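Following the hints, complete the assembly by docking chains B and C onto the known chain A.
Chains as they are written, first to last, in my numbering: chain A, 1 to 327; chain B, 1 to 335; chain C, 1 to 341.
These aren't lab readings, by the way, just hints derived from the structure by calculation. The structure presented is a predicted model; accordingly, all values stated were derived computationally and were not measured. Hints should not be assumed to be uniformly reliable.
Pairs of lysine-lysine residues, derived as DSS-like cross-links and limited to a Cα-Cα distance of at most 27 Å, are as follows [unchecked claim]:
{"hint": "1", "chain 1": "B", "residue 1": "331", "chain 2": "B", "residue 2": "235"}
{"hint": "2", "chain 1": "A", "residue 1": "3", "chain 2": "C", "residue 2": "291"}
{"hint": "3", "chain 1": "C", "residue 1": "291", "chain 2": "C", "residue 2": "150"}
{"hint": "4", "chain 1": "A", "residue 1": "3", "chain 2": "C", "residue 2": "148"}
{"hint": "5", "chain 1": "A", "residue 1": "137", "chain 2": "B", "residue 2": "331"}
{"hint": "6", "chain 1": "A", "residue 1": "10", "chain 2": "C", "residue 2": "307"}
{"hint": "7", "chain 1": "A", "residue 1": "93", "chain 2": "A", "residue 2": "112"}
{"hint": "8", "chain 1": "A", "residue 1": "281", "chain 2": "C", "residue 2": "307"}
{"hint": "9", "chain 1": "A", "residue 1": "273", "chain 2": "C", "residue 2": "187"}
{"hint": "10", "chain 1": "A", "residue 1": "267", "chain 2": "A", "residue 2": "257"}
{"hint": "11", "chain 1": "B", "residue 1": "295", "chain 2": "A", "residue 2": "93"}
{"hint": "12", "chain 1": "C", "residue 1": "214", "chain 2": "A", "residue 2": "227"}
{"hint": "13", "chain 1": "C", "residue 1": "291", "chain 2": "A", "residue 2": "10"}
{"hint": "14", "chain 1": "B", "residue 1": "118", "chain 2": "A", "residue 2": "112"}
{"hint": "15", "chain 1": "C", "residue 1": "241", "chain 2": "C", "residue 2": "148"}
{"hint": "16", "chain 1": "A", "residue 1": "227", "chain 2": "A", "residue 2": "10"}
{"hint": "17", "chain 1": "C", "residue 1": "214", "chain 2": "A", "residue 2": "281"}
{"hint": "18", "chain 1": "B", "residue 1": "118", "chain 2": "A", "residue 2": "137"}
{"hint": "19", "chain 1": "C", "residue 1": "187", "chain 2": "A", "residue 2": "267"}
{"hint": "20", "chain 1": "C", "residue 1": "150", "chain 2": "A", "residue 2": "10"}
{"hint": "21", "chain 1": "C", "residue 1": "148", "chain 2": "A", "residue 2": "273"}
{"hint": "22", "chain 1": "A", "residue 1": "281", "chain 2": "C", "residue 2": "291"}
{"hint": "23", "chain 1": "A", "residue 1": "3", "chain 2": "C", "residue 2": "241"}
{"hint": "24", "chain 1": "A", "residue 1": "281", "chain 2": "C", "residue 2": "187"}
{"hint": "25", "chain 1": "A", "residue 1": "3", "chain 2": "A", "residue 2": "281"}
{"hint": "26", "chain 1": "A", "residue 1": "84", "chain 2": "B", "residue 2": "118"}
{"hint": "27", "chain 1": "C", "residue 1": "150", "chain 2": "A", "residue 2": "3"}
Under 10 Å between C-beta atoms, here's a sample of chain A residues computed to sit facing chain C [as the list claims (entries may be wrong)]:
{"hint": "28", "residue": "62"}
{"hint": "29", "residue": "186"}
{"hint": "30", "residue": "187"}
{"hint": "31", "residue": "190"}
{"hint": "32", "residue": "192"}
{"hint": "33", "residue": "194"}
{"hint": "34", "residue": "202"}
{"hint": "35", "residue": "208"}
{"hint": "36", "residue": "210"}
{"hint": "37", "residue": "214"}
{"hint": "38", "residue": "223"}
{"hint": "39", "residue": "224"}
{"hint": "40", "residue": "228"}
Beta carbons are placed, not taken as given, at the ideal position from N, Cα and C, and that holds for glycine.
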Amino acid sequence: MSKNPFPLSKDDLLIAYRMMKTIREFEERLHVDFGRGEIPGFVHLYAGEEASAVGIMMHLNDQDQIASNHRGHGHCIAKGVDVKEMMAEIYGKVSGSCRGKGGSMHIADLSKGMMGANGILGAGSPLACGAGLAAQKLGHNGIGMSFTGDGASNQGTFLESLNLAAVWNLPVIFVVENNGYAESTSVDWAVAVDSYVDRAAGFGLPGVTVDGTEFFAVYEAAGELIKRAREGGGPSLLECKMIRFFGHFEGDAQTYKAEGENEYNRKHHDCLKIFRAHVTKAGVLSDEELDAIDTQVLALIDAAVEEAISAPLPTADDLTTDVYVSY
Amino acid sequence: MARTLSFKDAVNEAIDQEMTRDPTVIMMGEDIVGGTGSPGEADAWGGVLGVTKGLYAKHGDRLMDTPLSESAYIGAAIGAATCGLRPIAELMFLDFLGVCFDQMYNQAAKFRYMFGGKAETPVTIRAMVGGGFRAAAQHSQMLTPIITHVPGLKVVCPSNAYDAKGLLIQSIRDNDPVIFCEHKNLYAHEVDVPEESYAIPFGEANIAREGTDATIVAYGLMVHRATEAAENLAKDGIDCEVIDLRTLSPIDMDTVYESVESTGRLICVDEANPRCSIASDVTASVTQEIFSSLKAAPQLVTAPHTPVPFSPVLEDLYIPSAEQVADAVRKTMAT
Amino acid sequence: MNKMLPTVGIIANPVSARDIRRIVAHAGNLQVTDRANIVLRLLAGLGAVGIRQVLMMPENAGIRHHVTRDLKRSVNMGERRFPDVDYLDMAVTASTDDSVRAARMMREARVSAIIVLGGDGTHRAVVSACGDVPIAGVSSGTNNAFPKFKEPTIVGLAVGLTAMGAVPPEVAFQSNKMLEVDISGRKEIALVDVAIVAERFVGARALWHTENFKELYVSFAETEVIGMSVVAGILDPVDRKTPEGRRVVFDNSNPPRHLLQAPIAPGVIADIGIDYWEVLLPDVAFPIAEKEGSIALDGERELSFSKNDQPTVTLRTNAFRTIDVAACMKSGAKTRLLRIN
Numbered sequence: 001m002s003k004n005p006f007p008l009s010k011d012d013l014l015i016a017y018r019m020m021k022t023i024r025e026f027e028e029r030l031h032v033d034f035g036r037g038e039i040p041g042f043v044h045l046y047a048g049e050e051a052s053a054v055g056i057m058m059h060l061n062d063q064d065q066i067a068s069n070h071r072g073h074g075h076c077i078a079k080g081v082d083v084k085e086m087m088a089e090i091y092g093k094v095s096g097s098c099r100g101k102g103g104s105m106h107i108a109d110l111s112k113g114m115m116g117a118n119g120i121l122g123a124g125s126p127l128a129c130g131a132g133l134a135a136q137k138l139g140h141n142g143i144g145m146s147f148t149g150d151g152a153s154n155q156g157t158f159l160e161s162l163n164l165a166a167v168w169n170l171p172v173i174f175v176v177e178n179n180g181y182a183e184s185t186s187v188d189w190a191v192a193v194d195s196y197v198d199r200a201a202g203f204g205l206p207g208v209t210v211d212g213t214e215f216f217a218v219y220e221a222a223g224e225l226i227k228r229a230r231e232g233g234g235p236s237l238l239e240c241k242m243i244r245f246f247g248h249f250e251g252d253a254q255t256y257k258a259e260g261e262n263e264y265n266r267k268h269h270d271c272l273k274i275f276r277a278h279v280t281k282a283g284v285l286s287d288e289e290l291d292a293i294d295t296q297v298l299a300l301i302d303a304a305v306e307e308a309i310s311a312p313l314p315t316a317d318d319l320t321t322d323v324y325v326s327y
Numbered sequence: 001m002a003r004t005l006s007f008k009d010a011v012n013e014a015i016d017q018e019m020t021r022d023p024t025v026i027m028m029g030e031d032i033v034g035g036t037g038s039p040g041e042a043d044a045w046g047g048v049l050g051v052t053k054g055l056y057a058k059h060g061d062r063l064m065d066t067p068l069s070e071s072a073y074i075g076a077a078i079g080a081a082t083c084g085l086r087p088i089a090e091l092m093f094l095d096f097l098g099v100c101f102d103q104m105y106n107q108a109a110k111f112r113y114m115f116g117g118k119a120e121t122p123v124t125i126r127a128m129v130g131g132g133f134r135a136a137a138q139h140s141q142m143l144t145p146i147i148t149h150v151p152g153l154k155v156v157c158p159s160n161a162y163d164a165k166g167l168l169i170q171s172i173r174d175n176d177p178v179i180f181c182e183h184k185n186l187y188a189h190e191v192d193v194p195e196e197s198y199a200i201p202f203g204e205a206n207i208a209r210e211g212t213d214a215t216i217v218a219y220g221l222m223v224h225r226a227t228e229a230a231e232n233l234a235k236d237g238i239d240c241e242v243i244d245l246r247t248l249s250p251i252d253m254d255t256v257y258e259s260v261e262s263t264g265r266l267i268c269v270d271e272a273n274p275r276c277s278i279a280s281d282v283t284a285s286v287t288q289e290i291f292s293s294l295k296a297a298p299q300l301v302t303a304p305h306t307p308v309p310f311s312p313v314l315e316d317l318y319i320p321s322a323e324q325v326a327d328a329v330r331k332t333m334a335t
Numbered sequence: 001m002n003k004m005l006p007t008v009g010i011i012a013n014p015v016s017a018r019d020i021r022r023i024v025a026h027a028g029n030l031q032v033t034d035r036a037n038i039v040l041r042l043l044a045g046l047g048a049v050g051i052r053q054v055l056m057m058p059e060n061a062g063i064r065h066h067v068t069r070d071l072k073r074s075v076n077m078g079e080r081r082f083p084d085v086d087y088l089d090m091a092v093t094a095s096t097d098d099s100v101r102a103a104r105m106m107r108e109a110r111v112s113a114i115i116v117l118g119g120d121g122t123h124r125a126v127v128s129a130c131g132d133v134p135i136a137g138v139s140s141g142t143n144n145a146f147p148k149f150k151e152p153t154i155v156g157l158a159v160g161l162t163a164m165g166a167v168p169p170e171v172a173f174q175s176n177k178m179l180e181v182d183i184s185g186r187k188e189i190a191l192v193d194v195a196i197v198a199e200r201f202v203g204a205r206a207l208w209h210t211e212n213f214k215e216l217y218v219s220f221a222e223t224e225v226i227g228m229s230v231v232a233g234i235l236d237p238v239d240r241k242t243p244e245g246r247r248v249v250f251d252n253s254n255p256p257r258h259l260l261q262a263p264i265a266p267g268v269i270a271d272i273g274i275d276y277w278e279v280l281l282p283d284v285a286f287p288i289a290e291k292e293g294s295i296a297l298d299g300e301r302e303l304s305f306s307k308n309d310q311p312t313v314t315l316r317t318n319a320f321r322t323i324d325v326a327a328c329m330k331s332g333a334k335t336r337l338l339r340i341n
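Bound-form chain A, shown alone (with noise of 0.2 Å):
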């Protein structure tokens, strides 16, 4: 084994394939699951979209919040969300992250600084301010991020936002993460100012463009905005431009798609593709350890699958429970 090139060890290198691993095949079990009918509601996949959530949240601990999207499956495995209780949540049983009451849109855990997936696009700016806004005021280092879309990133939320955070100088970090389709709109028709780093200028905060499908380069990128924010050099943007594999939800037809494109985007920019191929060419990781990981994953999503299959349903009671703290 040769010395390690890359910015983390070698157990952090393993975490993080882990990750995008256990985020990559969750999603794919819902897509056939969801096909099958098994699962309920609207279903959103983050597949192909791995390496930037993991990318950053390889930086974050349990008191930086962040506030996610539709899409969020993978930002709640990536900040540490339980994978078997996120499945149950979605299969709408009582052992569910929230007792089945939120399903796939509105997966949270506080306790681990996840502060909701959010079917309200663009809604999850303003309350990353809020958790920007209680880091600064209790006097910690965490810092509030907000995952939007480029959809959603023509939200009066989040350009108001944008501007709320930089005159109020809070640790909070905008995470665009383009991936070129706001639910089958394209980015380049629906998106006036065609740079987001340009759109960041305009509230004069500093912002970046990675390509979200490389980790180091997301990883590198976040941890220097993060770091910044957490000293006190205020918000941020962070573009990543990557690749959704699936559709805009389970069930989109995708015709609005190029000819091939989710083929060749599988082939050529797939996020955890090229991290083996980063990791194992440096002799750092190789095939087997990756293979063993791949192997426990799957038999993970395959508990999570059974343990949720066979989970009691909430019951009537469950109804009315949980509006208040008290009423």
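Just chains B and C now, with coordinates in the frame of chain A:
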């Protein structure tokens, strides 16, 4: 020790006492300090009507002016509430609900339920409500029904300085999101208010006037119109009970039922528009639960189904008057 | 292509100036609307001296939208200030590859010159594929030692005059040096500098961890530029014509043999330890001393290498041609080309 205090000063005192007691209480809003970044005084306004004047001098940066950006800062207050602070956010006029309602009803109100009971959002959103300031259609509404409709939100609308102080202190201490509605036409109204800190529990209506012939249910400014009507009717020998709901969510229907069971007559007064109002809600509950106690059809006295007009003559017609309340009482007494 | 109708190519990179240097330094970001305005100024200059055909690289980041809209407005208003603009028929990948492919296609289309709007990286991409087509650069990037900022209107005029054949070639063109990196048979170029750093991953590309600097090779070294080459410029400058370069070996011990302050990125003046420096002669393959690390080309980590790779760096002279804007304008003025009567 009690002394006379205005509604406005009672609100100020409640915030002051809670900020002193609990370092996690912060406050934000447009111009609540007033003048941040401007060339003049740093603490120029203390709120658009001066309600928070003087608090900045005592508590400094725990009071924050915001950009004119309700979505962002109401959302930030809500986010901060889930992260260990106990923020008070001022939405200057509840009429501005439209530009930040998502953060209130889709975010704050639903966190606890959506997250399976794992979130607490102790945020208080203070907002001015109601007419009489000649402020026209977008600064005068009584939008309490809209927010009361939403599970997960608590709604408070006091009628006097004593209640304002105790209920605001309770709102700040409460672990659920509370919308605290302040009737701008009551700011100058004075009653005895103790100096010491006290909290009034939610869901406990106040009997503002005891009576035996009819029950008038009201909240906010309408409590005063109802009481005025009751005093006038007393001269004619009609003895009305006036119930001040104080909090609309939770709502104290037991006190209303108890009163209606003894009087047999119900008049609901609401400054809101009539459809799906607090008045119609209370009436529906009474009708469903204690129908047999009713001696006459319940009466609703509300604003008309129109926006709030500007011209003083029209606005005076818009807001329910003591005469209208008295007429409604007489109508129930006739049967 | 008709000799009477020279075509000029424009490669305007929409994605430069977006990297981590906006955080670790205080680098600017030339906004897309500004880039479009630069293109319009180039077009105005070109059009004024008779160029009627311009071939552009397509992109989806907004420059094309803005330019097309403005050209349409100009036509609506009955103007004929601007040349016709065609776009290359190529897929847009929104990466440096676009610039490489565009340069190759422009060469194949026999354009008279290519105007490059971008930083060192974009210029490097274009030079790697443009062959003997002369280029003229307008700086837009972050870490620019190679292109200078020149008013695009003037660049348009100068390139236009040259393309129309109005300026003698010996006046219009300059030849340039470059560096060639060979890493296990794979060849890459750098226009200004090749830096060897300890990080062995490409990551966010930019260089800012000075403690990781190992070696530096430069084709020229000026003192008033931003970026890695300024280190050599401070130690021992060498201009763009002299057929030699410089090699610098860094010293990260404390204290180092020599210590200097160098503006290695916008707003970043770093303390840099130097062991020694020497002259780099042309056409001699210089083996990189480090056994593993990454190679930054013109300020961006591009390749990582390990023990087995044995990379070399070679200085090449007369490597590519640029248009001397000042000389073209002087010549144009002298020969009364810019006078109407």
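In rising order, the numbers of the hints this structure does not comply with: The structure breaks hints 3, 4, 5, 11, 20, 21, 23, 27, 28 and 31; every other hint is satisfied.
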